[in-house]
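A.B. asks: Here is what each chain is made of, one letter per residue.
Protein chains: 2
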Amino acid sequence: MVTPIDPTATAFLLAENRSMPMHVGGLQLFEKPEGAGRNYVREMYEQMRDVEEIAPLFLKHPHRSARTAGQLVWKEDEQFDIEHHVRHSALPKPGRIRELLELCGRLHSTRLAWERPLWEAHVIEGLRDGRVAMYTKTHHALVDGVSAMRLLQSVLTTDPDKRGMGAPWAARSPRRRKPAPEISLSDVSATALRAALGITAEAAGLPGALVKTLTKGLRNETSAVSLYAPRTMFNQRITGSRRFAAQDWPIERLRAIGKATDTTLNDVVLAMCSGAVRRYLEELDALPDAPLVAMVPVGLNAKKSGLASAEGGNAVGAVMCQLATDRSDPASRLTAIHHSMKDGKEALSSMTPVQIVAMSAIGQTPAILGPLLRMQGIVRPPYNLIISNVPGPRTTHYWNGARLVGTYPLSIPINGMGLNITCTSYDGRLAFGLTGCRRTVPRLQRFIAHLDGEIDALEKAAGVA
Amino acid sequence: MVTPIDPTATAFLLAENRSMPMHVGGLQLFEKPEGAGRNYVREMYEQMRDVEEIAPLFLKHPHRSARTAGQLVWKEDEQFDIEHHVRHSALPKPGRIRELLELCGRLHSTRLAWERPLWEAHVIEGLRDGRVAMYTKTHHALVDGVSAMRLLQSVLTTDPDKRGMGAPWAARSPRRRKPAPEISLSDVSATALRAALGITAEAAGLPGALVKTLTKGLRNETSAVSLYAPRTMFNQRITGSRRFAAQDWPIERLRAIGKATDTTLNDVVLAMCSGAVRRYLEELDALPDAPLVAMVPVGLNAKKSGLASAEGGNAVGAVMCQLATDRSDPASRLTAIHHSMKDGKEALSSMTPVQIVAMSAIGQTPAILGPLLRMQGIVRPPYNLIISNVPGPRTTHYWNGARLVGTYPLSIPINGMGLNITCTSYDGRLAFGLTGCRRTVPRLQRFIAHLDGEIDALEKAAGVA
Numbered sequence: 153m154v155t156p157i158d159p160t161a162t163a164f165l166l167a168e169n170r171s172m173p174m175h176v177g178g179l180q181l182f183e184k185p186e187g188a189g190r191n192y193v194r195e196m197y198e199q200m201r202d203v204e205e206i207a208p209l210f211l212k213h214p215h216r217s218a219r220t221a222g223q224l225v226w227k228e229d230e231q232f233d234i235e236h237h238v239r240h241s242a243l244p245k246p247g248r249i250r251e252l253l254e255l256c257g258r259l260h261s262t263r264l265a266w267e268r269p270l271w272e273a274h275v276i277e278g279l280r281d282g283r284v285a286m287y288t289k290t291h292h293a294l295v296d297g298v299s300a301m302r303l304l305q306s307v308l309t310t311d312p313d314k315r316g317m318g319a320p321w322a323a324r325s326p327r328r329r330k331p332a333p334e335i336s337l338s339d340v341s342a343t344a345l346r347a348a349l350g351i352t353a354e355a356a357g358l359p360g361a362l363v364k365t366l367t368k369g370l371r372n373e374t375s376a377v378s379l380y381a382p383r384t385m386f387n388q389r390i391t392g393s394r395r396f397a398a399q400d401w402p403i404e405r406l407r408a409i410g411k412a413t414d415t416t417l418n419d420v421v422l423a424m425c426s427g428a429v430r431r432y433l434e435e436l437d438a439l440p441d442a443p444l445v446a447m448v449p450v451g452l453n454a455k456k457s458g459l460a461s462a463e464g465g466n467a468v469g470a471v472m473c474q475l476a477t478d479r480s481d482p483a484s485r486l487t488a489i490h491h492s493m494k495d496g497k498e499a500l501s502s503m504t505p506v507q508i509v510a511m512s513a514i515g516q517t518p519a520i521l522g523p524l525l526r527m528q529g530i531v532r533p534p535y536n537l538i539i540s541n542v543p544g545p546r547t548t549h550y551w552n553g554a555r556l557v558g559t560y561p562l563s564i565p566i567n568g569m570g571l572n573i574t575c576t577s578y579d580g581r582l583a584f585g586l587t588g589c590r591r592t593v594p595r596l597q598r599f600i601a602h603l604d605g606e607i608d609a610l611e612k613a614a615g616v617a
Numbered sequence: 153m154v155t156p157i158d159p160t161a162t163a164f165l166l167a168e169n170r171s172m173p174m175h176v177g178g179l180q181l182f183e184k185p186e187g188a189g190r191n192y193v194r195e196m197y198e199q200m201r202d203v204e205e206i207a208p209l210f211l212k213h214p215h216r217s218a219r220t221a222g223q224l225v226w227k228e229d230e231q232f233d234i235e236h237h238v239r240h241s242a243l244p245k246p247g248r249i250r251e252l253l254e255l256c257g258r259l260h261s262t263r264l265a266w267e268r269p270l271w272e273a274h275v276i277e278g279l280r281d282g283r284v285a286m287y288t289k290t291h292h293a294l295v296d297g298v299s300a301m302r303l304l305q306s307v308l309t310t311d312p313d314k315r316g317m318g319a320p321w322a323a324r325s326p327r328r329r330k331p332a333p334e335i336s337l338s339d340v341s342a343t344a345l346r347a348a349l350g351i352t353a354e355a356a357g358l359p360g361a362l363v364k365t366l367t368k369g370l371r372n373e374t375s376a377v378s379l380y381a382p383r384t385m386f387n388q389r390i391t392g393s394r395r396f397a398a399q400d401w402p403i404e405r406l407r408a409i410g411k412a413t414d415t416t417l418n419d420v421v422l423a424m425c426s427g428a429v430r431r432y433l434e435e436l437d438a439l440p441d442a443p444l445v446a447m448v449p450v451g452l453n454a455k456k457s458g459l460a461s462a463e464g465g466n467a468v469g470a471v472m473c474q475l476a477t478d479r480s481d482p483a484s485r486l487t488a489i490h491h492s493m494k495d496g497k498e499a500l501s502s503m504t505p506v507q508i509v510a511m512s513a514i515g516q517t518p519a520i521l522g523p524l525l526r527m528q529g530i531v532r533p534p535y536n537l538i539i540s541n542v543p544g545p546r547t548t549h550y551w552n553g554a555r556l557v558g559t560y561p562l563s564i565p566i567n568g569m570g571l572n573i574t575c576t577s578y579d580g581r582l583a584f585g586l587t588g589c590r591r592t593v594p595r596l597q598r599f600i601a602h603l604d605g606e607i608d609a610l611e612k613a614a615g616v617a
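Residue numbers (this note's numbering), protein chains in the order written: chain A, 153 to 617; chain B, 153 to 617.
Hints listed in this document are in silico derivations from the structure and should not be mistaken for laboratory results. These figures come from a predicted structure and were not determined experimentally. Some hints here could point you the wrong way.
When chains are identical, the list treats them as one kind, so a pair holds in a single copy or across two.
Said to hold, decoys possible - Derived EDC-like pairs: lysine to aspartate or glutamate, alpha-carbon spacing no greater than 16 Å straight-line:
#1 Lys-245 to Glu-198
#2 Lys-612 to Glu-235
#3 Lys-245 to Glu-195
#4 Lys-494 to Glu-272
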């Protein structure tokens, strides 16, 4: 079965190269249920592996041949090999979080092969506290970070006693699969083709609108869509190897800061990141005088943009947030960030759907934005790093009795943007996942200490400590 | 410091692609010394990691820029990051050899990044019998399989009480490293350049000589350089993912068979492989009527060929061996293989140095041979698989008191040649390492049982059981 690939997914596939794999990841920590046997992790792995039928999303891989007229299409993997995708791994002693993050960094550094469906999952044993970890890796052409998290959550339950739950890649209603012969593009359903071509036509109009939006930003430096960002060590050519750091904090601490300062939870997240970035760059004697700019993806109403995929996947816009890293006072930074985000969201809501889509293209395809900007004579980086915040479930979830105690996102550093910070909330905690180029962003673990110092400083400044 | 890359190494670098990584590997098993503490493996890893100075071979990476006039050169990695190269890994429970082979297959499936020196080493814990494993991976542009094994052995000793031994990648006489500024190709020592260009000139003459040799083989079907090989399942397009199977047998058993039948040890190795291939293909209902042909690299005198590198690296010729897989009788297969190898080696010794080098080009660059043969209208595969036998040390060796109990080679499947068998001897045992494309060579572990059945059958046939 051959189906067309939409232009956004195609862009992610084509932007990929050896030093810039385009997959998102997730690290989940589970507590074994009471009475778990000695072989619990192996059994969990086997349950994940031995699924009756794989969902179509996890069976398709990119394919290009003379029969598809040279176009990239999705094709079902007829020799699907579950053991290639679902793997059992272990940590060396002493089995601390440090060893887990090191393994996740390594696993996140290797590319997914186009010759197979674009995902991997590792059930990981060997944590000294007895918890079980799962690292999953999915190509951005299949899902974005938000959809990937929703997919993982979709097989969880709030009921600790429920059993018989499947793997995220299992088809929900098992049925016998039909043989899937290769067909040429001319056999593809006309509707599917029209839909794909319709999107292509609209996408073709993007660059002009995008440049218009960007130029507007350039003309008004004080606007939240300003593209004046200083050069920093994050904005260099990257290598293919990754480091990963992660930690979570009680969401109540962040909320209390927001309440006391009349700012949003997201403002506080950005202020923590801003302070940590400032401390990190100061330590390396690399803090620029001008404040750093973060690209902050914000959710868009899919119907409003008139373009988002039916899966609700890639419908995001972006606000450029001045991080006020030139200010030493945490309270003053938080205020500045609050105003920058407010302006940015107002600017976004006054845009036409096409302009929103143009902005959203920044978020979707930063990798292909560079050449476009250079063509327009814009040579300075439009922003220094990407900070996103993806809300997750608020209550405790379980998988076959195993309690999910933490979930941490891994994202995509790109050339010129060596650090990505993605946050997610779950069960009363806010988790920060930092994915960086191993070479250009050294000592990434220091960020965790800096984030911790920053939440303390913000509490003190807000008078809630 | 920039140095030229010789043409063979360049060919290996350029032939590489995502489904055909060009690195060789080695798996070594160690027994911990008596009195080894609880943290023995971590300490072993730290000893491997914390070397004072890295040898130049392990510091250089391929580099190409305007300053090198677009040529690939070796360049020292000025941001060398030992923790990227030396890694600590673990096996999930139950920690059998099966889990170890699975991990080695995975590690062997990922490409080495050109932006860093082309090697990796993993110290692996978690074997249930308490042994420690080490998997190493080195690009074929740096060393061939033989040199890689010698390098690993060079840090071992026959003295179980000796301590203070370094890692294979440590420089032997620590000295302060000089700063290494990037230089343009014009700064490269004229002698080094002439040497490289001299080799290039000679190499440029290869295709003609090679084709002449091949054509000669085609004209004489019964010759040992015959290129009539049937199509088999091994001779398809491969994927980038690998399977690895390995086992060793007492070398005395193989010698006894050879002695009783007046054949060589290598003949017996080939007969075991031949019988196992026959059983494997029969089980899959894929045994062709015509006998399979194996390419068997043989050592050449470096001076005779007048071309081999000073390191003694890539000086090999190749004999095409008819494996007699059409015969069901093990004794008759062994006899046929013996004659085929004898004819082949005689043909090789009567060749001119240029012809030998042309033959050796088959062994060195099978990946680039395909297009060349097609250009000459030769469309059938010249051979079905590669079987090499690399002699290793005969006595027990130790690394800081840890006894080396087994060493198994991992090699390079290529497009059209999905299975590679490499054998090596050590301390009275002959080890077989089978590296196959995960997709096109399924059930690779079955081969081990078949090899075991075959040695039994050969003993029975030779009357030495």
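A.B. asks: Against the structure, test the hints numbered earlier, and report the numbers of the ones violated in rising order.
C.D. replies: Result: hints 2 and 4 break, sorted rising.
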